[in-house]
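So the sequences go chain by chain: A and B.
Numbering-wise (full-length UniProt numbering), the first sequence opens with residue 1 and increments by one.
Numbering-wise (full-length UniProt numbering), the second sequence opens with residue 1 and increments by one.
It is worth saying that the hints were derived from the structure and are not from the lab.
Note that the coordinates shown come from a computational prediction; the quantities given were computed from them, not determined experimentally.
Careful, some of the hints might be misleading.
The list treats identical chains as one, so a pair stands whether inside a single copy or across any two.
20 Å max Cα-Cα, derived EDC-like pairs, lysine to aspartate or glutamate [to be verified]:
1) K53 x E43
2) K12 x E40
3) K12 x E49
4) K16 x E27
Protein chains: 2
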Amino acid sequence: MSLRVKFGLVVKALRKEQKLSQEELAEKAGLHRTYIGMIERGEKNVTLENIHKISQALNVSLPVLFSRMPE
Amino acid sequence: MSLRVKFGLVVKALRKEQKLSQEELAEKAGLHRTYIGMIERGEKNVTLENIHKISQALNVSLPVLFSRMPE
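The following block holds chain A by itself, in its conformation from the complex (with noise of 0.2 Å):
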């Protein structure tokens, strides 16, 4: 499985667990909806700045969010 692949699984199951739809989750992180879709399903090799973006508008901080990644 790819790192951006594993990467886009994270945010959905996070997002999931907050009850958050991608438009919620986009507007949250100032990001385009389609965009986190792109991420979602593994289509984007995202940069640190949006990553942190997503993190902060998940609640949880880099470190958690990259432990919840399989290595």
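For chain A, the structure is supplied; the task is to place chain B on it using the hints.
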């Protein structure tokens, strides 16, 4: 302090702890030396895949790398 600068400082600190030059880290990570220099100076919004290459080259997991970053 910007996120990019914080990330650069962590990469530099971990590299120095392992007594690696920028050149040696770049070679281990499969990245260009000048790119490592720019990252350490906080000039790059690094992508997920390059973050992962750097963490592997530094022998630290992504959670450990990001736990070193001040919030």
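Now for the hints, and whether the structure bears them out:
Both within a single protomer and between protomers do K53 and E43 lie at most 20 Å apart by alpha-carbon distance, with minima of 18 Å and 18 Å respectively. Within a single copy, K12 and E40 get their C-alpha atoms as close as 6 Å, which meets the 20 Å cut-off; across copies the closest is 31 Å, which misses it. Taking the shortest Cα distances, K12 and E49 sit within 20 Å of each other both inside one copy (18 Å) and across copies (19 Å). In this assembly of identical chains, K16 and E27 lie within 20 Å of each other by CA distance solely inside one copy; the values are 15 Å within and 39 Å between copies.
When held up to the earlier numbered hints, the structure conflicts with none and fits them all.
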